[in-house]
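Residue numbers (the UniProt record's numbering), protein chains in the order written: chain Y, 1 to 276; chain V, 1 to 410.
Don't read these hints as lab results, they were simulated from the structure. Quick caveat, the model's predicted, so the values are computed rather than measured. For every residue, glycine included, the Cβ atom is placed at its ideal position computed from N, Cα and C. Where hints are given, some of them may not hold.
[Claimed, not checked] Sample of chain V residues lacking proximity to chain Y, with all beta carbon distances greater than 10 Å (derived):
| no. | residue |
| --- | --- |
| 1 | Phe28 |
| 2 | Glu31 |
| 3 | Lys48 |
| 4 | Asp50 |
| 5 | His54 |
| 6 | Phe73 |
| 7 | Asn285 |
| 8 | Ala286 |
| 9 | Gly290 |
| 10 | Asp304 |
| 11 | Asp379 |
| 12 | Val396 |
| 13 | Phe402 |
[As the list claims (entries may be wrong)] Quick list of simulated restraints, FRET-style, between CB atoms:
| no. | chain 1 | residue 1 | chain 2 | residue 2 | range |
| --- | --- | --- | --- | --- | --- |
| 14 | Y | Arg88 | V | Glu153 | 40 to 50 Å |
| 15 | V | Arg18 | Y | Lys44 | 37 to 47 Å |
| 16 | Y | Asn171 | V | His170 | 30 to 40 Å |
| 17 | Y | Asp254 | V | His170 | 56 to 66 Å |
| 18 | V | Glu153 | Y | Asn95 | 49 to 59 Å |
| 19 | V | Asp331 | Y | Asn171 | 43 to 53 Å |
| 20 | V | Gly234 | Y | Lys167 | 32 to 42 Å |
| 21 | Y | Asp262 | V | Asp393 | 52 to 62 Å |
| 22 | V | Phe139 | Y | Ala12 | 49 to 59 Å |
| 23 | Y | Glu96 | V | Ser10 | 50 to 60 Å |
| 24 | Y | Lys167 | V | Asn193 | 33 to 43 Å |
[To be verified] Here are the simulated BS3-like pairs of lysine-lysine, each with C-alpha atoms no more than 25 Å apart in a straight line:
| no. | chain 1 | residue 1 | chain 2 | residue 2 |
| --- | --- | --- | --- | --- |
| 25 | Y | Lys167 | V | Lys42 |
| 26 | Y | Lys163 | V | Lys42 |
| 27 | V | Lys116 | Y | Lys163 |
| 28 | Y | Lys44 | Y | Lys92 |
| 29 | V | Lys288 | Y | Lys114 |
| 30 | Y | Lys118 | V | Lys288 |
| 31 | Y | Lys82 | V | Lys288 |
| 32 | Y | Lys118 | Y | Lys163 |
| 33 | V | Lys288 | V | Lys62 |
| 34 | Y | Lys44 | Y | Lys203 |
| 35 | Y | Lys118 | Y | Lys82 |
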Amino acid sequence: MEKTRIDTRFAACKAENRAALVGFITAGDPDLDTSLEIFKALPKAGVDVIELGMPFSDPMAEGVPIQLATQRALAGGHTMAKTFDMVRAFRKEDNETPIILMGYYNPIYVRDPKAFVKDAKEAGVDGMIVVDVPPEHDDELCIPAREAGVNFIRLATPTTDEKRLPKVLENTSGFVYYVSVTGITGTGALDADKVAIAVKSIKDHTDLPVAVGFGVKTPEQAEAIGRNADGVVVGSVLVNAIKDSLDADGKATDKTVSAVTDIVKGLADGCKRAKA
Amino acid sequence: MTDPTTLPNSVSQGPDDRGFFGIYGGRFVSETLMPLILDLDKAYREAKEDPEFHKELAKLHKDYVGRQSPLYFAERLTEHLGGAKIYLKREELNHTGSHKINNCLGQILLAKRMGKTRIIAETGAGQHGVATATVCARFGFPCEVYMGATDVERQAPNVFRMNLLGGVVHPVTAGAGTLKDAMNEALRDWVTNVADTYYIIGTAAGPHPYPAMVRDFQSIIGQETKEQMLAAEGRLPDMLCACLGGGSNAIGLFHPFLDDKDVQIVGVEAAGYGLDTDEHCASLNAGKPGVLHGNRTYLLQDDDGQILEGHSISAGLDYPGIGPEHSFLRDSGRVEYVSATDTEALEAFQLLCQTEGIIPALESSHAIAEVIKRAPTMDKDQIIVVNLSGRGDKDVNTVSKFLGKGSLAE
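With the hints as extra help, turn the sequences into a complete structure.
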């Protein structure tokens, strides 16, 4: 398939000798306007690739931080149409930062997968991560996404053994997302040595960049992971910062955007140090 | 009776190798779980071919559960309704008080074969949780059960039973705190503890092979019914009737009869406050196809694909989805799916108490409610079999509250 902004950005990070920082926020969290403001502020703070979470009522792979972010967004009346609106608004100002939509299959399925990937591409989306569509069901979403020019980024996990890995990688494009722990987002103790071995094993099977996520919280962890990986994914730590910045009624404050960007700056420095 | 394998138009042959019944089913899980699901599929296929597995299960059915469960002619209920003869398949007489034990025994034997050392489960009414805690005690496994906080409250006796049996109950506060949320949390536990943990799903839903496997373990209900009915009446029944939450007791009764074209089959969903409100759990009657908890099936959801919280007086039916084989049987037209409201279920509950001296579970009362509508319109030589899937001891507090009786003490 044709090159996407994701391919270009990972190549650029490699040329600049740093790990790419992949940052996740949930669309519509804590409200549409603030969420859009955070979204737009991420590249300047140091995020190289943005993962925008599509809120779903039953986020089975998420830990409490992203569950709560999802609930805040849905309580505010967030919809898929508003997620696309956010992407379009972002693209008016930034035509280079890659955007990945991340979420679960049902909200896509009810819209019709083919129509969804077409709309996503037109809005300016570069890639998708859909947690509950494994390679066994590639025909449903992964192949249509590729045909529409949208990278379908697959998760590889500690339970993906050598025998299964080729199947996971088969139709993957953009990059490979290695899940560093067996578990849900935002939990688990990160073991940089084990991750390094897993990343090497994936790289033996593919030329795609490998980004590592689930459980990265500090600049030091980003640095340690970034030494062996091409990218570092952070999410729960950012949505927790949003939560902690809210007032007693759960509304955004003037500190909400900076709460996220401050953390991003530290993590971006960690990613730079990783390859220094 | 006909041999399904010779029928070109059989509806009983699913699922295919990828776990699909028509377009329903499949394996929509995260990558972390996928290798496990494939292992489970392999282990189950091997167990199915192993006579020793069946022998062990049959012995447990007989000596531990008390099978076979009686097929009982409900004479006074039949007289009262004045139409078709009504037989009750007495699954409520099983050890632990419902059909749930059939599935749990099969799955615990499989967990043992697979070398797993820890068991988790989700539960709604608590019947599956109790059955799981029971088999864990019997086979010496640690057991953790996820149960919605709302259900923990309305099914308190079952929580205590699980504790007595050594099960640890985790109340789930996410969402409305009912079965759907309990299942999310069980899946989160599973994905975190994949190496040693076996997840005993309580209904014929979830990623392949669960829908087929749970159906197979529950099909003993229909197989026994067929034999018992032939012995009692010398022929097959005219109609089968069962309630549906996830649909395991229903598919267990229905499946052995799917290719018997003259047997009419009726499934009863929970209509809660009514299908004209948002407060019901009738996914086949009022939902649309979607993907949740590892399978494609009919779901209660909004236009944006967000799953809705259902409502039913019966905690065991309070689920916005349905086993995928039922979705297939709905679309194929083989099974008719109707619904009964909370009020109708409560009336049926009382009628069975008064006419037969049997306190049914509120879940099963939905099936009785449909029989109350149908039997009087049928001839006296026609026969209905209704699956009495559980006993109602756990529900007496709920019923007392709804009937305005206040305290249980006279």
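What are the numbers of the hints that this structure violates, sorted from low to high? 1, 2, 9, 10, 17, 19, 20, 24, 32, 33, 34
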